[in-house]
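K.L.:
The lines below spell out each chain.
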Amino acid sequence: MEFLFAIMIGTLYGCSLYLLLRRSIVKLAIGLILLGNGANLLIFSAGGLVRGRPPLVPEDATSVPVPYADPLPQALILTAIVISFGVLVFAVALIYRTYRALATDDLDDLTATDRLGEVPEAAHQPVVPVGVSAPNPQDGR
Amino acid sequence: MGLLVTLPLLLSLAFSLTLFAVRRRRTASHVLAIIGASALLASAIALLFVVAREGLQVVALGKWPAPYGIVLVADLFSAAMVLVCALVSWATIVYATAWIDPERERTGFYPLVFALLLGVNGAFLTGDLFNLYVWFEVMLMASFVLLVLGAERGQVEGGIKYVSLNLLASAFFLSATGILYGISGTLNFADLSRVLSGTDPRILDLVAVLFGIAFGIKAGVFPLFFWLPASYHTPPVPVSALFAGLLTKVGVYALVRVFTLLFVHNPGWTHTLLLGCAALTMLTGVFGALAQHDVRRILSFHIVSQIGYMIFGLALLTPLGLASSVFYLIHHIVVKTNLFLIGGLIERAFGTGSLDRLGGIFRERAWLGLLFLIPAFSLAGIPPLSGFTAKLLVIRAGLATHSYLATAIAVVVGLFTLLSMLKIWNEAFWKAPPEGGHADTASVQYNARLVLPTIVLAAVTLYLGIAGEMLLGLSMKAAEQLLDPAGYRAAVLGTVNPVAIAGG
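Here the protein sequences line up with chains S and X, keeping their order.
Per our numbering, the very first residue in the first sequence carries number 17; after that it's consecutive.
Per our numbering, the very first residue in the second sequence carries number 54; after that it's consecutive.
Next up, chain S with everything else stripped away, as it sits in the complex:
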């Protein structure tokens, strides 16, 4: 089972790195999603995969019989999933804003903030006339 997980996690990491290296912003986002999922599965399997042994103390014992399924990695993953979901929603909104502002999906066109010399006036123009409806950072937890 661990072997299958290892293969799958490796595949996820590989695919995500490949996508991160592409020039499309959308593929970048998909790459980040896959990377997050790979990391979550890594935590899950790094704790050791145990089947059918819940971490419950039997009535006639004082401690959990080993081996038992470690509940902590699952709690960690749950937290990580919630966080990465919040962050990704923000990232997708940002990508949409960027697309609206620059009308491009190509990362190589995003050079305005790296170019030497003067900051173009356009850099200080709002993308849309109203301010961002900012998500509350507390939502990310």
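Hints may contain errors.
[As the list claims (entries may be wrong)] On the chain S side, residues computed to face chain X include the following (Cβ under 8 Å): (1) Ile41; (2) Ala55; (3) Ala62; (4) Gly63; (5) Gln90; (6) Ala96; (7) Ala117.
[What the hints assert, rightly or not] Just so you have them, the derived chain S footprint on chain X, three or more residues with Cβ under 8 Å: (8) 190-203; (9) 214-225.
Note that these hints are calculated values from the structure, not bench results.
Glycine included, C-beta positions come from ideal geometry on N, C-alpha and C.
Starting from the known structure of chain S, fit chain X onto it as the hints suggest.
P.N.:
Relative to the frame of chain S, chain X by itself:
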């Protein structure tokens, strides 16, 4: 005493929520934000006093004892970081009340700043690895929104770079945490440092490098710094100043924490790698700055370069080296925030931060020039300012461990930093105003809330330089604590001091 450790977090959270509730009322927001920042500063001072007098402060949240529950730990290093962070955020918030436009305030500028401070303070105070990840995410989420708040073109573009690279760093952090948990079965720093000494050093090398990459991206270490100069100059000045002062330093703090407490099994590999990165960080940062022609961009590249000095001290892993890192961090946070704020003063009066379109500021506003010179000279390491002591410590620590090449680089980079500061001085303050001059700049009056914070920070820089003995003593003691993992373990695992605080 347990309350003092949690107070910076509780205050940040409480003010973040309150300010969100009143975000549509301008005056109330301003008053509350300044009160909140002052309260944070007061609690941080109290925390540092208690830690200096009574040693490590440990709080087990929800009364769960150490290896099982989450602990907050305040040693001298983290308490000092909380204090200096509270100081610069106080300055930035006062400055922001006179700078930020009503539109951004209505969308929640101040609640976001306090959410950012919540994440930063949490990262400084936590004693648990996964909890550190959560605080990092709180801080990142707030910083993402602050960075693009207002949605100017440059901001969303810088935002894409900042967000994607930081998400990558988070994924690395998470993977490394997972592997470390798989090896050790614990996430508590003190417990980890106990367990890890008996594990296979080859796996530890791998995990150490993963953490190095994760925190290296956040700290802006060569070759992982590219997001920083691409994004830091795009948001409004107070946001830039806050980011410049705090965010990368949290990365450095995390590096110092894990590479003194957890990964000291094979310094010949991990810390030599850090030393190489530090030297290259110093060099690339300072050369990048030389090529730039915009005040805030020059300063952004100098952040990268100065990060190198802090990592240099850490890489040496000697008491003097770590003391120099702590000293440098504290000095740098104050100086860099101040430089960004003063750069903002220039932009406000002259409408641009581009050196090509500036000139003759010294003739029009001599005091602004003098105000700029204090942090600029301090950054370059001119006595008697704080940067001189900081650089001297780094160089002495380097010579003491015979790392001559890296030390030579540190000296040369100091010279180039001075060159870069003189470039700003010559172009913006000294040379004749460009063709056409500045239209009606003399009529621009600064609000006192813009000037006061820069004067306060400049005074702190002067004080830390002239009376550096105190900070030096503090840094030496903090370094001693950092190099004594056994003391840390005893404080956290031995005598847990449970305080009833719900949640965690």
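K.L.:
Name the hints, by number, that the structure is in violation of.
P.N.:
5
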